[in-house]
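Top line first, the protein sequences correspond to chains C and R. Offset between the first sequence (1-based) and the numbering used here: plus 73. Offset between the second sequence (1-based) and the numbering used here: plus 278.
Just so you know, these hints were derived from the structure itself, not from any lab. Bear in mind the structure is a predicted one, so any value in this text is a computation, not a measurement. Errors might be hidden in some of the hints.
[Said to hold, decoys possible] Derived lysine to any residue pairs resembling SDA-like cross-links, with alpha carbons at most 20 Å apart:
1. LYS318/R <-> PRO255/C
2. LYS377/R <-> SER126/C
3. LYS407/R <-> SER126/C
4. LYS407/R <-> GLY136/C
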Amino acid sequence: MKAGSTAVKPVGDAGSPVSPTGGRPDIEGVRRAAWRQRLSRLDTLVSPYVFVSPFFLLFVVVGMFPLAYTAWVSVHDWGLLAGRGDFAGADNYRRVLEDRYFWNALRNTISIFLLSSIPQVLIALGLAGLLDTQLRARGLWRMSVLLPFVVAPAAVALIFGNVFGDRYGLANEVVQAIGLDPIRWHVDTLASHLAIASMVNWRWTGYNALIFLAAMQAVPRDVYESAALDGAGRIRQFVSMTVPMIRPTVLFVVITSTIGGLQIFAEPRLFDTQGLGGSDRQYQTLTMYLWELGWRVRDLGMASAVAWLLFLIIIIFALVNLLVSRRAGTLRGQR
Amino acid sequence: MNRRPGFLVYGLLTAFVLGSCAPLYWSFLVGSHSRDVLTKRVPPLIPGGHFWDNAQRAFEAVPFWKALGNSLIVSGTIATSVVFFSTLAGFAFAKLAFKGRTPLLVFLVATLAVPTQLGVIPLFIVMAKLGWVGSLWALIVPGMVTAFGVFFMRQYLLDAVPDELIDAARVDGCSMFRTFWNVAVPAARPAAGILWLFTFMASWTDFFWPLIVLPASNPTVQIALQQLQSGYYVDYSLVLAGTTVATIPLLVLFILTGRQMVAGIMQGAVKG
């Protein structure tokens, strides 16, 4: 192949001035082959970049650049309508950190996140354990647990907003039926967090159970057999063998739900009609606070500071998850 | 192996599935009763006969059909675009040798966990400069690629396309793009279908960004739902009738493709 391309060149050069009657088609053919080969080599060289570049160009413009530019906006006075003002240094950050609503939103976010993620992971593990048996109509069961996932968060919020109604709500009906006082779901801080967390739990538990199920199915079956021989019961097997064996998957689910959970917006935002997180902001989350600063107060500088702080908080949480799980791993190893 | 489940397992699963369905039934139930019933008490557990009236009122209260059309256009375009660009880039990462492949791939994986949603403020500033605030372009353009999509397709194509097949196509004189089109695309179809579904769903259910850039007159379904509930007094018969109708498109999609969704989640879990 390589030898051919070097040999072609002189022939082609010689071919142009003279035109021998019989030789012409041949020379043309050789020339075309050489051209095609050069094209093909260029194709091989350049195509990969052409294939990946639409993604990278767009991703940098709509994904990475905005994130970086948020930092630039956050150190300026920047109005929604007025645009960029003076350089403000750390002023926006200072104002955010001095605002009691920031700390309120941070507390609410973490509280809702913990109330949603911990029960969710535990129930999903149990559910996956139930699904990881030789069920009849296995496919149907798996599909059924995924049903809530196709209901949009906005719709979930409206439905649960009604169920957790302060006056004529299904939840309070049940609470009263068992002899307790009705709960003010939209007023009491903890109650509102529970209601919002239940929306997240309802939508995501089945989804996460399927992820756990996939991991559980990769656990070799003979492990169970030897455990059964040792006299370990079903539940014992599940808690002390299955769950530890799928630890990486649990970590994966915890980290992804951390990233999503700390940005929770639609559920608390639509829990009441005002969209500010309750009369005393009992359930205003950080993303809601960001939205309020940016599009109500119209201070994009401060809103950007919140975005960066939230970014940092997410990273810290993800790292803590990693460390805790690694520590748990080494402890188990020592045992 | 004695892992045949007993009544307890079936009972617990049934309870869970009932819990999964209950809120949807509740939504339909409330939407099917008249406003008068709901102002007095919790409705009876048997549906009333006002569902269509309530839904009709919901369609009048907000531009519901327009919202449905907008959501279809936005989510359909985004899903198709993500699948195309992801397959293209995923193919290059999985199967083609080029300088800088490894660092670019590392960059890609590193960005998987970055919450790009936090870039909304500059994105809004740019959209305002372009004059796109209020139009569907503001939703479509930022959603056209995802790092996850590229990674997902790369992982799939790594095993799905044998290298010999690519070499053979090249020897036969196929250009790179034709090789991609004739060899990689057919092989990628199962994964592409799953990626399309999940991208469509994510875009359809998105609330935060549409709320920022779309006006009340040109909403997506989620924004229309939000408008149903504005004001101090909430008429739940109207709100939940609208919510029920708004949930139907994804329910239909779920009934048609639920199996693929389950397979997609379980595959992603094993590979990711």
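Going through the hints against the structure:
no. : hint                  : result
1   : LYS318/R <-> PRO255/C : 16 Å, holds
2   : LYS377/R <-> SER126/C : 13 Å, holds
3   : LYS407/R <-> SER126/C : 25 Å, violated
4   : LYS407/R <-> GLY136/C : 17 Å, holds
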